[in-house]
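Chains as they are written, first to last, in our numbering: chain C, 2 to 377; chain B, 36 to 470.
Rather than coming from a laboratory, the hints here were simulated on the basis of the structure.
Built from N, CA and C at the ideal position, the CB exists for glycine as well.
No false leads were mixed into what you were given.
Pairs of lysine-lysine residues, derived as BS3-like cross-links and limited to a Cα-Cα distance of at most 27 Å, are as follows: (1) C/Lys309 x C/Lys360; (2) B/Lys399 x C/Lys109; (3) B/Lys42 x B/Lys286; (4) B/Lys399 x B/Lys247; (5) B/Lys120 x C/Lys336; (6) B/Lys378 x C/Lys109; (7) B/Lys273 x B/Lys47; (8) C/Lys344 x B/Lys120; (9) C/Lys322 x B/Lys120; (10) B/Lys402 x B/Lys315; (11) C/Lys163 x C/Lys21; (12) B/Lys214 x B/Lys224; (13) B/Lys214 x B/Lys151; (14) C/Lys282 x C/Lys204; (15) B/Lys297 x B/Lys399; (16) C/Lys336 x B/Lys151; (17) B/Lys148 x B/Lys120; (18) B/Lys355 x B/Lys224.
FRET-style restraints, in silico, Cβ to Cβ: (19) B/Asp91 x C/Pro355: 55 to 63 Å; (20) C/Pro57 x B/Asn65: 53 to 61 Å; (21) C/Pro355 x B/Arg446: 22 to 30 Å; (22) C/Ala143 x B/Asp91: 44 to 52 Å; (23) C/Ala143 x B/Asp221: 37 to 45 Å; (24) B/Asp90 x C/Pro355: 54 to 62 Å; (25) B/Trp211 x C/Ser299: 13 to 21 Å; (26) B/Lys120 x C/Lys181: 39 to 47 Å; (27) C/Gly154 x B/Arg446: 54 to 62 Å.
Below, a sample of chain B positions facing chain C; criterion: calculated Cβ distance under 8 Å: (28) Tyr123; (29) Ser163; (30) Ala165; (31) Asp184; (32) Asn196; (33) Gln204; (34) Arg412; (35) Ile419; (36) Ile421.
As a plain string of letters, each chain reads:
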Amino acid sequence: MVDQFRDWEQNRHTYAKAWKEKTGGKVVGYFCTYVPEEILYAANILPVRILGGHEPQDVSEAHIFGMFCPFCRDCLAQGLKGKYDYLDGIMIAQSCLHIRQAYTSWIKHIPLDFQYYLPMPNNVQSPHAVTFLTGELKAFKAALEKWLGKEIGNEDIHAGIKLMNESRRLMHQLYEYKKKENPLISGEETMEIAISQQLVDKKEHIQVLIQLLEKLKTGSGAKNTGTRLMLLGSENDDIQFVQMVESVDGTIVIEDHCIGTRYFWNNVEEVSSDPLSLIAKRYVERPACPSKDWMDRSRVDHIIKLAKDYDVKGAIVIQQKFCDPHELDIPAITKELNNAGIKTLFLEFDVTVPIGQFKIRVEAFLEMLQEEDLFV
Amino acid sequence: MKIPTYKTEQLKCWNKAKEIRNDFYKNYANAHENGGLRWAGGAWSFGAIPAGLGDDIYPITGEPYGASIAFDKELSLRCLEAVEKRGYARDLCSYMRNYWGSVILDEYAFGGKFPKPDFIWQDHICCSHAKWYQVASELEGGIPTFCIDVAVGPYTEVTDNRIEYVVNQMHDGIEWLEKTTGRKYDDEKLIEAVHNECRSTSVWAEICELNKAVPAPLDEKSMFSLYVLGTLEKHSKKVADFYEELLDEVKYRVENQIAAVKHERCRLMSDTQPPWGFLKVFRYLEKFGAVSVGSLYTFGLIGVWEVKEDGSWGPRTTPKQKGIKIENRDQALRILTDWNLSKPEWQHFYSPHLKSDMMTRIAKEWKLNGIMLHYNRGCEGLSIGIAENRLALIDEGYPVMTFEGNMGDEREFDEAQTGSRIDSFMETLGLEMIE
Chain C
2 MVDQFRDWEQ NRHTYAKAWK EKTGGKVVGY FCTYVPEEIL YAANILPVRI LGGHEPQDVS
62 EAHIFGMFCP FCRDCLAQGL KGKYDYLDGI MIAQSCLHIR QAYTSWIKHI PLDFQYYLPM
122 PNNVQSPHAV TFLTGELKAF KAALEKWLGK EIGNEDIHAG IKLMNESRRL MHQLYEYKKK
182 ENPLISGEET MEIAISQQLV DKKEHIQVLI QLLEKLKTGS GAKNTGTRLM LLGSENDDIQ
242 FVQMVESVDG TIVIEDHCIG TRYFWNNVEE VSSDPLSLIA KRYVERPACP SKDWMDRSRV
302 DHIIKLAKDY DVKGAIVIQQ KFCDPHELDI PAITKELNNA GIKTLFLEFD VTVPIGQFKI
362 RVEAFLEMLQ EEDLFV
Chain B
36 MKIPTYKTEQ LKCWNKAKEI RNDFYKNYAN AHENGGLRWA GGAWSFGAIP AGLGDDIYPI
96 TGEPYGASIA FDKELSLRCL EAVEKRGYAR DLCSYMRNYW GSVILDEYAF GGKFPKPDFI
156 WQDHICCSHA KWYQVASELE GGIPTFCIDV AVGPYTEVTD NRIEYVVNQM HDGIEWLEKT
216 TGRKYDDEKL IEAVHNECRS TSVWAEICEL NKAVPAPLDE KSMFSLYVLG TLEKHSKKVA
276 DFYEELLDEV KYRVENQIAA VKHERCRLMS DTQPPWGFLK VFRYLEKFGA VSVGSLYTFG
336 LIGVWEVKED GSWGPRTTPK QKGIKIENRD QALRILTDWN LSKPEWQHFY SPHLKSDMMT
396 RIAKEWKLNG IMLHYNRGCE GLSIGIAENR LALIDEGYPV MTFEGNMGDE REFDEAQTGS
456 RIDSFMETLG LEMIE
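Next up, chain C with everything else stripped away, as it sits in the complex (with noise of 0.2 Å):
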């Protein structure tokens, strides 16, 4: 059922390089979801989500300290090793502190024809935040253009955020059939499809996806019947571990990752007013990365309706080894979750990860919230 997906999913650069030599476009790489996808679209660009590659590797020690997250280098050594080299440009919207290091050894060791540093807010919660957005996005426009030679117009712009909220609306109607009852999606096939989302061109990715829900409207496909889990936490793009926690009777009904939920929660309000400080307006109030979720915690409430409005009965709660962000939030989402009832595994990741160990882990976790349903 989401063959297609698995496929751009497995094979994102040669799918890149052909949609390259089809259209003659440029690809511009991308680290955070923070990226403001519209205005890469209203310029006829390929957003490619750069991401790690979950094998061991030995070229990025010298560049990242080892005390910072091995997703940041791994997403580096993807670069170092060659594996984006269809890349003409490279982009970064300010999040942590981890990504940004790939991105700033990026453009001096793989140097491309562009680069740009966004600096989003990160006091998203101030009511200057929008305003600042906006004089920052018309920026990044403006750098755009000199940089194509061509100017991108308001008009481009409000396709840019049509077809954007197209595809974030898609992934919504997809996530409902998540909260039915042996849902006939997997955790697994909808990451497949949510990867996919930040790698291909989503006018392809919205096609694919309309032909799914047709099929998910009749009915079709293999019931989840496992124990309905809830997976949050830092970058996760892992399917492995995803695979594994379904093949020991986990169902993931619903996540909070930036791959997934985070990045395709809330869309670009579509109004004839100026189109930058709108897509502003939606970065800015979007679901929280950890590292802008201050001072209130806006992403308990959220985490905590979520895991009810999907009716999960636990939470694997993963961080990446040394993400500052989200160990500094993990402690007070987990009592709240703790305190909702919901009980909570906490895992550490890596660039891969101990598949036998966490399986055992995983299996004790069900089985203890499985004995709650024995006794209810």
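Position chain B against the provided structure of chain C, taking the given hints into account.
Relative to chain C, chain B alone:
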């Protein structure tokens, strides 16, 4: 190699520096006795702004407080373990963990119970900054907190939009301070504090500039005890005046070739905060005739610099020196923003390459023979990009030694291994221990 011998003597104003530091912690603890207020925040927070609430507003800045705890190994260990028991990871900022531990244990490093702040006034450039005080507030059962985001990009790319964002938050902050404390805000006090901050941070840079002299009048271990005053109250008249006094004394030392290290024959710099419980590694260097003359950290954590007409690095010219009269609140806040955004230690948050350029400049202008980089597991903010700095300095032809450690968690510092690394480094520099 001929071993030089210089005159050396203790700093005359040393005890005064200690007194200012002790008073700072005492005043914070005793603030309520005379109806004053206490606030907590980071060493980089805009302390000049709460100064507009009155002369009886006493801060405690988290990083130097965390370092003070680290210096007391027994207390530090108890603090760190108390934090771990609450479920926080041990690879988080060790200053922050020492601070939280002090709150959890309700023990003030300078005696008595931890004095709860009346409000929190923070700024944010590192991922841990705002979150530090989000948790601190929770641990204390809720403290009114305001935080200003200053992560708007490097000073070389500053724009009106970026200045405006910071200034607008500051204006909101002043309204918030009035509302939170019930006090009326005094713009004249703000203006005075802004002038003092510009003066103290520029004069500190001037003091560091004097260390270009051979022999160096100051060694970095001593500088740690002096720069710290700027991390406590850089906006205060007391600190600005002290730095002027120190400047005169350091000028005298340069004129009279009074060295920090008697047999100076090798000049080094370090990077990031030192392992506070093990400052003796700097004394160990002296046995080889090596002196660490500073670092971007000691020069630029609070020091504010500019490129002078001859292309060299020197203290940034203050608004007063330029003849600028600050007339109102908005102008004061704009000057404060612009001044701080140019701070050297804020630039590497956006690019290690900017930091490498500054380090290379220091290596050249301060006539260095080698560099010791502390790969500091305790601070993600200052260790960011350090591996790229190493590569860049090697490219520039400087011998670079690295050692891993932690500024505030002694469990992550291997003293014997660091000693062995220093031995090897000295050997590569052709230095033997001086009898």
